[in-house]
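Enquirer: Sequence:
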Amino acid sequence: MRLVCRNISKSFTAQSKEARVLNGIDLSVSGREFVSIVGPSGCGKTTLLRIMAGLTEPTSGEVVCEDTGDGMGPIRMVFQDSGVFPWMNVVDNIAFGMQEPGLDRKDKNKRALELAEKVGIQKSALLYPHQLSVGMKKMVGLLRALASSPSVLLLDEPLSSIDIYVKEILRKEILTIWQDNPIAMVHVTHDIEEALALADRIFVISGVPGSICREFSVPLPRPRGSEALDSGILRSMKKEIWDIFKVEIERRVSKGII
Numbered sequence: 000m001r002l003v004c005r006n007i008s009k010s011f012t013a014q015s016k017e018a019r020v021l022n023g024i025d026l027s028v029s030g031r032e033f034v035s036i037v038g039p040s041g042c043g044k045t046t047l048l049r050i051m052a053g054l055t056e057p058t059s060g061e062v063v064c065e066d067t068g069d070g071m072g073p074i075r076m077v078f079q080d081s082g083v084f085p086w087m088n089v090v091d092n093i094a095f096g097m098q099e100p101g102l103d104r105k106d107k108n109k110r111a112l113e114l115a116e117k118v119g120i121q122k123s124a125l126l127y128p129h130q131l132s133v134g135m136k137k138m139v140g141l142l143r144a145l146a147s148s149p150s151v152l153l154l155d156e157p158l159s160s161i162d163i164y165v166k167e168i169l170r171k172e173i174l175t176i177w178q179d180n181p182i183a184m185v186h187v188t189h190d191i192e193e194a195l196a197l198a199d200r201i202f203v204i205s206g207v208p209g210s211i212c213r214e215f216s217v218p219l220p221r222p223r224g225s226e227a228l229d230s231g232i233l234r235s236m237k238k239e240i241w242d243i244f245k246v247e248i249e250r251r252v253s254k255g256i257i
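Counting from 0, one number per residue, gives the positions in the sequence shown under numbering that gives the first Met the number 0.
Just to be clear, a hint being listed does not mean it is correct.
Said to hold, decoys possible - Distance windows between CB atoms, simulated:
(1) 65 - 119: 34 to 40 Å
(2) 249 - 66: 40 to 46 Å
(3) 163 - 16: 38 to 44 Å
No wet-lab data here; the hints were simulated from the structure.
Predicted, not measured: the structure shown is a model, and the values here were computed from it.
Note that CB positions come from ideal geometry on N, CA and C, so glycine has one too.
Let the hints inform the model, and build the full structure from the sequences given.
Expert: Have a look at this one:
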């Protein structure tokens, strides 16, 4: 499946005033492609992701799913706060994502445990969210989305609010999951290094309203650890992206909106 955004714009109305947050977004994501969307806070990244998920209607433009002959599964989104249900244990949270007709509880639990084993959290299968770390809750939310066998998985700041060591582990787990599942992933972040570590392509959104100002292809193979991220080509790419961020942040500061 190929997900295509065509000329997406979005405006919100508050107190009789219209505020445009996205303007003329064009991008496409193919199966088995990992795409990151980066930009400073408030540039419309999450709004774009919600439009791609079908949770928010664009003011103009369209999102199209094109059948490329590899199946047409659902689109699933993982939110910043993981969205796990506090009254369900790990297995039940993961199994909740399974919507296939004919699957009984036993089959769902078996598949949920298999997914948990892939990322090494099977020993926590009967624990509840209040007993889990922030990082583990995020992983459970990710596995629940994968349980529905999506064609596209949308990740909204999946590694926010966790420390640098756990973040590195979860980066590897996300890549493992992606490599084991032939799906497209779209990942939103303001962390440039995170995008460079994970993505095939990076779209940079900036300005108000947000629009795509640059697209980068990351040429190095995965995994991209600290040595790769410190290579000349990725350091140069990071600087280019940061310079775009810097211009936008300085513009906001000059207008007193940050």
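Enquirer: Please go over all the hints and tell whether each is borne out by the structure.
Expert: Checked hints:
no.: 1; hint: 65 - 119: 34 to 40 Å; in the structure: holds (36 Å)
no.: 2; hint: 249 - 66: 40 to 46 Å; in the structure: holds (44 Å)
no.: 3; hint: 163 - 16: 38 to 44 Å; in the structure: holds (40 Å)
Hint compliance for this structure: every hint is met.
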